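With the hints as extra help, turn the sequences into a complete structure.
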Amino acid sequence: MTNDSSTPRTLALTAGAVATTAGIGAAGAVAYRRIRRMLAANAAELNETLPINSLWWRTHAKEKGDLLYVAIGDSAAQGIGASTPNRGYVGILADHIRLATGRTLRVINLSVSGATVELAVRDQLPRFAKLQPDFVTVAIGANDIAQWDAATFESGIREVFAALPPHALVADLPCFHLPHNERKVAEANRIVREVAAEHGLTVAPLHATTHREGWRSVFTQVANDMFHPNDRGYRVWAEAFLPELSAVVAHRIPQDAPA
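The numbering of the sequence shown is this note's numbering, which starts it at 1 and goes up by one.
Hint data in this document are derived by calculation from the structure and do not stem from the laboratory.
Since we're looking at a predicted model, the values are computed, not measured.
Heads up, some of the hints might be wrong.
Between beta-carbon pairs, the in silico distance windows are [to be verified]:
(1) Asp231 to Leu178: 18 to 28 Å
(2) Arg216 to Ala162: 36 to 46 Å
(3) Arg127 to Ala247: 24 to 34 Å
(4) His60 to Ala129: 20 to 30 Å
(5) Ser246 to Arg212: 14 to 24 Å
(6) Asp149 to Arg103: 36 to 46 Å
(7) Arg232 to Ile52: 14 to 24 Å
(8) Leu99 to Pro179: 35 to 45 Å
(9) His180 to Ala208: 11 to 21 Å
In this text, a Cβ means the ideal position worked out from N, Cα and C, and glycines have one as well.
Next up, the structure:
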């Protein structure tokens, strides 16, 4: 989700929150510095997977399929933090579609690590316009929180949502848990829901789903950079989409009548 410019700030906030739980004072300061160094090293290691995941999705996009699933998003859609790219939420949803329909599926993952809403409009929508997908998911906007500008965010969201077919599923932003970020996320999600309603789009409740997991999820559902989801975290992300995705599958794909 995060871009390079916001990573240090995210790491510092995470380290500070963890250090606070360890105690205030000299011991807390030492813990803070140690945790911050560890998170920076883990983030650098995870960044090395960016081109690997991107290549994985580009390669698999060449595979044939009876149906087409297109994803718009950022590094979370790329599956950064998962043990393998297809264990991110896009891969999990793709497997669900295959199982539910019994048909082959081609997946074109247009997402770009570090993408903001504005960058998605610039880089992903032109490619999306050339496609006729059976399924669409959009999860974008987490990177906009680092340097929040409501007007810019809303302008971009309006362009993205206007380009989508009515059966597309759009997620609101996930829970950030830290109060100062959650205030921005609340404003962003209000915009997402309002613009989605204007276009008749269904919103996948990613924020509510991740919020229910609570603070413990920071230690059990997050990758080593303490920001991106791990395999377990991505399964939670997928849960936010699955009920509505199942409804789209049932509505759009004819089911064989029982013998």
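Okay, the hints, checked on the actual structure:
1. Asp231 to Leu178: 18 to 28 Å: Holds: the Cβ-Cβ distance is about 23 Å, inside 18 to 28 Å.
2. Arg216 to Ala162: 36 to 46 Å: holds, 39 Å
3. Arg127 to Ala247: 24 to 34 Å: Cβ of arginine 127 to Cβ of alanine 247: about 27 Å, so the range 24 to 34 Å holds.
4. His60 to Ala129: 20 to 30 Å: holds, 21 Å
5. Ser246 to Arg212: 14 to 24 Å: holds, 20 Å
6. Asp149 to Arg103: 36 to 46 Å: holds, 42 Å
7. Arg232 to Ile52: 14 to 24 Å: holds, 21 Å
8. Leu99 to Pro179: 35 to 45 Å: Hint holds: Cβ distance 39 Å, inside 35 to 45 Å.
9. His180 to Ala208: 11 to 21 Å: Holds: the Cβ-Cβ distance is about 20 Å, inside 11 to 21 Å.
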